[in-house]
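Novice: What follows is the residue order along each chain.
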Amino acid sequence: MESWRRNPLFFWIVGLPPTLWLVLFFLVPLGLIWLFSFSDKRGIIDIELTWTLANYARSLEWLYLEIFLKSFWMAGATTVIALLVGFPIAFAISFAPPKAKPWLLLLIILPFWTNLLIRTYALIAVLRSRGFVNFGLEWLWDQGNWVLSLAGLGGYQLLGERFEPLELLYNNFAVVFGLVYVFLPFMVLPLYAALDRLDRSYIEASLDLGAGQLRSFFSVVVPMAKAGVVSGVIITFIPALGSFLQSDLLGGPDSQIIANVIERQFKSANDWPYGAALSFILMYLTFFALALRAVLSRGNRDAEGL
Amino acid sequence: MNDSAAPKPIVSIQNMSKRFAGAVTAVDQVSLDIGAGEFFALLGPSGCGKTTLLRMIAGFETPTEGALLIDGQDMSQVPPNRRPVNMVFQSYAVFPHMSVFDNVAYGLKVARTKGSEIRPRVEEALELVKLGGYGARKPDQLSGGQRQRVALARALVKRPKVLLLDEPLSALDAKLREAMQMELVRLQHSVGITFIIVTHDQSEALSMANRIAVMEGGKVRQVAPPSELYERPSSRFVADFIGKINLFEAKPLGQSGAALELEVPALGRIAVPFSGDPAKVAWVAVRPEKLRLLRQPPEDGSLVFPGTVAEVAYYGETSHVLVSGPNGHGMTVNLHNGTQETPSTLAPGDSLCCSWAPEDTLLLAD
Amino acid sequence: MAFFRPRVPIGALEYSRRWSLRLIFLVTLVFLYAPIVTLIAFSFNDSRRNIVWKGFTLKYYERALQNDELLLAFANSLTIAFFSTLISVILGAMVALLLWRFRFPLKAPLEGAMALPIVIPEICMGVAMLAFFARVGWPAGLPWPLNLSSITIAHISFSFPFVAMIVRARLVSFNRELEEAAKDLGASEWEALRDVIIPHMRPGLIAGALLAFTLSLDDFVITFFTSGPETVTFPIKVYSMVRFSVTPEVNAASTVLIVITVCLTALAMWYQNRLAAKEKGTGK
Numbered sequence: 000m001e002s003w004r005r006n007p008l009f010f011w012i013v014g015l016p017p018t019l020w021l022v023l024f025f026l027v028p029l030g031l032i033w034l035f036s037f038s039d040k041r042g043i044i045d046i047e048l049t050w051t052l053a054n055y056a057r058s059l060e061w062l063y064l065e066i067f068l069k070s071f072w073m074a075g076a077t078t079v080i081a082l083l084v085g086f087p088i089a090f091a092i093s094f095a096p097p098k099a100k101p102w103l104l105l106l107i108i109l110p111f112w113t114n115l116l117i118r119t120y121a122l123i124a125v126l127r128s129r130g131f132v133n134f135g136l137e138w139l140w141d142q143g144n145w146v147l148s149l150a151g152l153g154g155y156q157l158l159g160e161r162f163e164p165l166e167l168l169y170n171n172f173a174v175v176f177g178l179v180y181v182f183l184p185f186m187v188l189p190l191y192a193a194l195d196r197l198d199r200s201y202i203e204a205s206l207d208l209g210a211g212q213l214r215s216f217f218s219v220v221v222p223m224a225k226a227g228v229v230s231g232v233i234i235t236f237i238p239a240l241g242s243f244l245q246s247d248l249l250g251g252p253d254s255q256i257i258a259n260v261i262e263r264q265f266k267s268a269n270d271w272p273y274g275a276a277l278s279f280i281l282m283y284l285t286f287f288a289l290a291l292r293a294v295l296s297r298g299n300r301d302a303e304g305l
Numbered sequence: 000m001n002d003s004a005a006p007k008p009i010v011s012i013q014n015m016s017k018r019f020a021g022a023v024t025a026v027d028q029v030s031l032d033i034g035a036g037e038f039f040a041l042l043g044p045s046g047c048g049k050t051t052l053l054r055m056i057a058g059f060e061t062p063t064e065g066a067l068l069i070d071g072q073d074m075s076q077v078p079p080n081r082r083p084v085n086m087v088f089q090s091y092a093v094f095p096h097m098s099v100f101d102n103v104a105y106g107l108k109v110a111r112t113k114g115s116e117i118r119p120r121v122e123e124a125l126e127l128v129k130l131g132g133y134g135a136r137k138p139d140q141l142s143g144g145q146r147q148r149v150a151l152a153r154a155l156v157k158r159p160k161v162l163l164l165d166e167p168l169s170a171l172d173a174k175l176r177e178a179m180q181m182e183l184v185r186l187q188h189s190v191g192i193t194f195i196i197v198t199h200d201q202s203e204a205l206s207m208a209n210r211i212a213v214m215e216g217g218k219v220r221q222v223a224p225p226s227e228l229y230e231r232p233s234s235r236f237v238a239d240f241i242g243k244i245n246l247f248e249a250k251p252l253g254q255s256g257a258a259l260e261l262e263v264p265a266l267g268r269i270a271v272p273f274s275g276d277p278a279k280v281a282w283v284a285v286r287p288e289k290l291r292l293l294r295q296p297p298e299d300g301s302l303v304f305p306g307t308v309a310e311v312a313y314y315g316e317t318s319h320v321l322v323s324g325p326n327g328h329g330m331t332v333n334l335h336n337g338t339q340e341t342p343s344t345l346a347p348g349d350s351l352c353c354s355w356a357p358e359d360t361l362l363l364a365d
Numbered sequence: 000m001a002f003f004r005p006r007v008p009i010g011a012l013e014y015s016r017r018w019s020l021r022l023i024f025l026v027t028l029v030f031l032y033a034p035i036v037t038l039i040a041f042s043f044n045d046s047r048r049n050i051v052w053k054g055f056t057l058k059y060y061e062r063a064l065q066n067d068e069l070l071l072a073f074a075n076s077l078t079i080a081f082f083s084t085l086i087s088v089i090l091g092a093m094v095a096l097l098l099w100r101f102r103f104p105l106k107a108p109l110e111g112a113m114a115l116p117i118v119i120p121e122i123c124m125g126v127a128m129l130a131f132f133a134r135v136g137w138p139a140g141l142p143w144p145l146n147l148s149s150i151t152i153a154h155i156s157f158s159f160p161f162v163a164m165i166v167r168a169r170l171v172s173f174n175r176e177l178e179e180a181a182k183d184l185g186a187s188e189w190e191a192l193r194d195v196i197i198p199h200m201r202p203g204l205i206a207g208a209l210l211a212f213t214l215s216l217d218d219f220v221i222t223f224f225t226s227g228p229e230t231v232t233f234p235i236k237v238y239s240m241v242r243f244s245v246t247p248e249v250n251a252a253s254t255v256l257i258v259i260t261v262c263l264t265a266l267a268m269w270y271q272n273r274l275a276a277k278e279k280g281t282g283k
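Residue numbers (numbering that gives the first Met the number 0), protein chains in the order written: chain A, 0 to 305; chain B, 0 to 365; chain C, 0 to 283.
No lab work stands behind these hints: they were computed from the structure. Check before you lean on any hint, since a few could be wrong.
Stated by the list, open to error - Covered stretches of chain A, as calculated for chain B (at least 3 residues, CB under 8 Å): (1) 117-125; (2) 178-188.
Claimed, not checked - Cut-off 30 Å, straight-line C-alpha distance, at most; resulting in silico cross-link-like pairs (BS3-like, lysine-lysine): (3) B/218 / A/98; (4) A/225 / B/160; (5) C/53 / A/98; (6) B/129 / B/160; (7) B/218 / A/225; (8) A/100 / C/277.
Stated by the list, open to error - Over 10 Å on every C-beta distance to chain B, these chain C residues come out as not near it, computed from the model: (9) 9; (10) 10; (11) 11; (12) 12; (13) 14; (14) 17; (15) 21; (16) 64; (17) 109; (18) 175; (19) 185; (20) 199; (21) 239; (22) 256.
C-beta: ideal position from N, C-alpha, C; glycine also.
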C-alpha cells in the first residue's frame with residue numbers, strides 16, 4: 000500500500016468516478032429521504048423541510064407501535080427458527096468428509112440464487128388450502144380413516160366428518176414460514192464458517208473429560224461458535240425486519256409489517272415524510288445492529304488472539 | 000509381546016487395526032500390554048499410526064478390528080466420555096471461553112462431583128502443575144507452557160487410570176521442552192498414574208519413558224526399555240531411527256560355535272557372536288561412539304574398517320569423523336574431544352583404521 | 000446399505016454419519032427444494048388447476064412466448080442487466096484498485112460508505128431512489144432504452160460495491176513484485192496495469208460481472224420502487240401476474256428465469272473451479 004501522493008493522477012482516475020457515483024446516486028438519495036423524514040407534507044408531492052420530529056413521533060402511536068412490535072416479533076421468530084434449523088445443518092456440513100463439504104454447502108445456498116419473488120411465489124402453491132401440504136394431509140386423513148375402518152371403528156368418524164384443510168396461507172404463520180425459507184442460507188453460511196474453524200480437539204477434550212455429546216455441544220461448541228451466531232442472527236434479522244415481499248404475498252390482513260407501511264406511504268398513501276421517517280428508523284436499527292456486532296466481535300477477537 | 004511388561008496390564012491392546020476409508024491402514028494388527036504405573040512411549044516417524052493408536056485408546060477412533068481392555072474392561076462399546084482415561088492434546092485444547100479454574104473444574108462438574116469437593120481438588124491440581132493462584136486467568140493470558148500445564152491439571156484432576164499425552168512437548172521451544180520432560184517424569188512419579196505418551200522425538204522417549212514401542216507403517220517394530228532399544232535394536236529400522244548408526248549389508252554364511260560368520264562387502268568376511276535365527280540377518284551395524292580410530296590395525300581380534308579421513312565436523316563436546324573406505328563405503332566415528340586422539344590432528348586424506356569389538360556389532364533383520 | 004447399518008461403528012466425532020443429523024439435513028433440503036421443484040414441474044402440467052398431474056405439455060411456454068408484455072419485460076430486464084453489469088464492473092474494479100493500492104485521508108469513511116448499499120435494507124434504498132428520481136425530475140417518457148436509465152442507475156448503485164468486494168479479494172493475492180518487475184523492464188504505470196494487474200484481476204472481474212448480472216436480473220424490491228408503468232421488468236411483471244392469480248404461465252415464466260440464473264451461477268462456479276485447479280497446477 001502506498002500514499003496517494005506518490006501517484007496522484009492514477010489515484011484520481013480510479014478514485015473519482017466511483018466516489019462521485021456513490022455520492023450522487025446513493026448518498027444524495029439517502030440524504031434526501033433523511034431530510035424528508037424531518038419535513039411536513041403540504042400537498043400531494045409538495046414537501047417542505049421544517050425540521051419537525053412529528054413523523055418520528057407518529058411511529059410511537061399505538062397503531063404503528065403495534066406494527067413495529069409485530070415486525071420485531073416476526074423477524075425475531077424467523078431468526079430463532081433459522082438459528083435452530085441452521086445450527087445443526089452448519090454443524091453437519093462442517094463435520095462432513097472434506098470432499099463432500101462444498102457440495103453440501105452448495106445444496107443449501109443454491110436456492111438463494113433463484114429469484115426471491117419466485118421462491119416466495121412457489122410457497123403459495125405449496126401452502127394454499129388446495130396446495131400440496133394440505134393435499135398430503137388429506138391423503139394421510141384418508142389412510143387414517145381406512146386403518147380405522149379396518150379396526151372396526153369406521154363408523155365413529157374419529158378424525159372428523161370430513162377433511163378440513165389447514166389455513167396455511169395468508170396469515171402470520173405463512174409470513175414467518177416464507178421468511179425462514181428465504182433467509183435460512185444467510186444463517187447457515189456464517190455458522191458454517193465459525194464451526195469449520197473450530198478445532199476438533201476442543202470437542203474431544205470435552206468428551207475426554209467426561210462430558211456427554213449434548214453437554215459438550217452446549218458448553219463447548221455453542222460458546223465457541225458465538226461469533227458465527229452473532230453474525231448469522233444479525234444478517235438474518237436485518238433483512239427479515241425490512242422484508243416486504245413475504246408479508247405482501249403470503250400474509251393476511253393483519254400481517255402488515257414496517258416495510259408494507261413504508262411501501263404504502265410511498266406508493267398509495269403518498270405521505271413521503273412519514274414513509275421516510277419509517278425507513279430511517281429501519282436504518283438506525285441496522286446501524287445499531289452492525290455496531291453491536293462490531294463490539295461483540297472485537298471482544299471475541301481478544302479471546303481468540305492467543 | 001515382551002516379557003519385561005509390568006505384572007498387571009492396565010491397558011491391553013489385542014490385535015487392533017484401523018483402516019480408514021480409502022483403505023489406508025493406519026494401525027496394523029497391534030498387540031501391546033501396558034502395565035500399571037508405567038511411563039510408556041509410542042515412538043515413530045509421522046504417519047506411523049502412533050497417534051491413531053492413542054486416539055483409539057481414548058475412544059476418538061473406532062478400531063476396525065481387535066479389542067481394547069482398560070483395567071480388564073472391554074472398551075469396544077464405551078464412548079470416550081465414559082472411559083477411565085484422560086488426554087493432554089497436542090494443541091492443549093484449553094477452552095478459551097473459560098477461566099483456568101473453570102477449565103480444570105469442567106471434568107469434575109460434568110461428573111457431578113459435589114460442589115464442596117471441586118474447589119479443593121482443582122486447587123490441588125493447579126498446585127501440582129505449579130499454577131497455584133492462576134485460577135482466575137483466561138487462557139489467552141497464559142504462555143504456551145502454562146497452557147500445557149492447565150491441560151495437564153485438567154486431565155489429572157479426574158484421577159484417570161491412564162493419562163494419554165499426544166506430542167505434548169512439540170509446541171514448546173527447545174529449552175522449555177527439556178525442563179518439561181523432567182517435570183513430566185517427576186509428575187508421573189508423584190501421582191503414580193500410567194502415562195502413555197506419543198512422540199516422534201527419540202530423545203524425548205529415551206529420556207522419559209521406562210518402555211518404548213517403536214512403530215512404523217502401522218506396525219509395532221519393537222517394544223523394549225530405552226537402553227535395550229538402543230543397545231539391542233531388533234531391526235534395521237529401529238537401529239536407524241534411534242540414534243546414529245553405521246549400516247552395512249550382510250549375507251550370513253553359517254553358524255560356527257557361538258559366532259555367526261557373515262560376508263559383508265564393506266568389511267570382508269567377519270565372525271560376530273550371535274544367538275538367533277541367522278536367516279533373518281540382513282545387516283550389520285555399529286554405533287559411531289563404539290568405534291576407535293587407529294593409525295595401525297590392532298592385533299586384539301577387533302573388527303577393522305580401513306580408510307581415509309574424508310571430513311571432520313566439530314560439535315564442541317564431540318567431533319564426527321567421516322572415514323571413506325574401499326568401494327565408496329563410509330563410516331562415521333564419534334570422538335569425545337579431549338579424551339581420545341584429538342581430531343585436530345586428523346586431516347582429510349589421513350589413512351586410518353576404524354576398529355571395534357566384535358560384541359559391539361549389531362546384527363539386524365531388515 | 001451403509002445408511003442404516005454402518006459397517007464400522009460411528010466414531011465419537013463422526014457427526015455427519017449420525018442418522019439424526021442426516022434426517023435434519025434431508026428434511027431441510029426437502030423444505031428448500033420442494034416448492035421450487037413443484038413450481039417447475041407444474042409449468043409442464045396440462046391442467047390449470049395446478050394440483051394433479053394431467054400430462055406433459057409445453058403450451059404454457061408457448062402462451063408465455065406469445066405474451067407481448069412478458070416478452071417486453073424480459074427484454075427490459077436483459078437490457079438493464081447488461082448495462083448495469085458493464086458499468087458496475089468498471090466502477091467496482093476502480094474501487095478495488097483504489098482501496099487495495101492507496102493510503103489516503105478519509106479512506107475508512109469511504110470504505111464504510113461503499114459497504115452501505117450492501118448492508119442497508121433493500122426497501123430503504125428503494126424508497127430513496129424513488130424519492131430521488133421524482134425530486135430531480137428525471138426525464139420520463141424517453142424512447143426505449145433510455146426510459147430504463149433510472150432503474151439501471153439504481154441497479155448499478157447496489158451492484159458495484161459487490162463487484163468491488165470480489166475484485167478486491169482477488170487483488171489480495173497479487174504479488175506486487177510482478178508489477179515492479181514489469182516497471183523494472185521498462186513498462187509505464189499504465190502498461191504495468193494493462194499487462195500485469197488487469198490479467199490478474201480478470202477472474203474477479205468475471206465473477207463480479209456474473210454476480211452483478213444475476214443481482215440485476217433478480218432484483219425486485221428496488222426495481223419495484225424505481226419503475227414506472229412504461230418500464231416493467233421481468234420480476235415486476237411476474238409480481239403483477241402473481242398478485243392476480245396463480246397460473247401455469249407464471250410457473251413457465253419463473254422456470255425460465257430460474258434456469259437462466261442457475262446456469263449463470265453454474266458457469267461462475269465452473270469457471271472458478273477451473274481457475275483454482277489451474278493455479279494449483281502451476282504451484283501458485
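Novice: Take the hints in turn and mark each one as holding or not.
Specialist: Outcome of the hint check:
1. 117-125: Not satisfied, violated; 0 residues make the cut.
2. 178-188: Contact hint for the stretch 178-188 of chain A vs chain B: violated, 0 residues under 8 Å.
3. B/218 / A/98: holds (29 Å)
4. A/225 / B/160: With a Cα-Cα distance of about 35 Å, the restraint between residue 225 of chain A and residue 160 of chain B is violated, given a limit of 30 Å.
5. C/53 / A/98: Since the Cα atoms of residue 53 of chain C and residue 98 of chain A sit roughly 41 Å apart, the hinted pair is violated (cutoff 30 Å).
6. B/129 / B/160: holds (22 Å)
7. B/218 / A/225: violated (42 Å)
8. A/100 / C/277: Status holds; Cα separation ~21 Å.
9. 9: violated (7 Å)
10. 10: violated (5 Å)
11. 11: violated (5 Å)
12. 12: Check fails; 6 Å does not lie beyond 10 Å.
13. 14: holds (13 Å)
14. 17: Holds, because the least Cβ-Cβ distance between residue 17 of chain C and chain B comes to about 13 Å, which exceeds 10 Å.
15. 21: With a cut-off of 10 Å, residue 21 of chain C remains clear of chain B, as the shortest Cβ separation is near 17 Å.
16. 64: holds (50 Å)
17. 109: Given that every Cβ of chain B is farther than 10 Å from that of residue 109 of chain C, nearest at about 33 Å, it holds.
18. 175: With a cut-off of 10 Å, residue 175 of chain C remains clear of chain B, as the shortest Cβ separation is near 33 Å.
19. 185: Fine: 48 Å to the nearest Cβ keeps residue 185 of chain C off the interface.
20. 199: Per Cβ check, residue 199 of chain C is outside 10 Å of chain B; nearest 36 Å; holds.
21. 239: Holds, since 52 Å exceeds 10 Å.
22. 256: Residue 256 of chain C is indeed farther than 10 Å from all Cβ atoms of chain B, at 41 Å.
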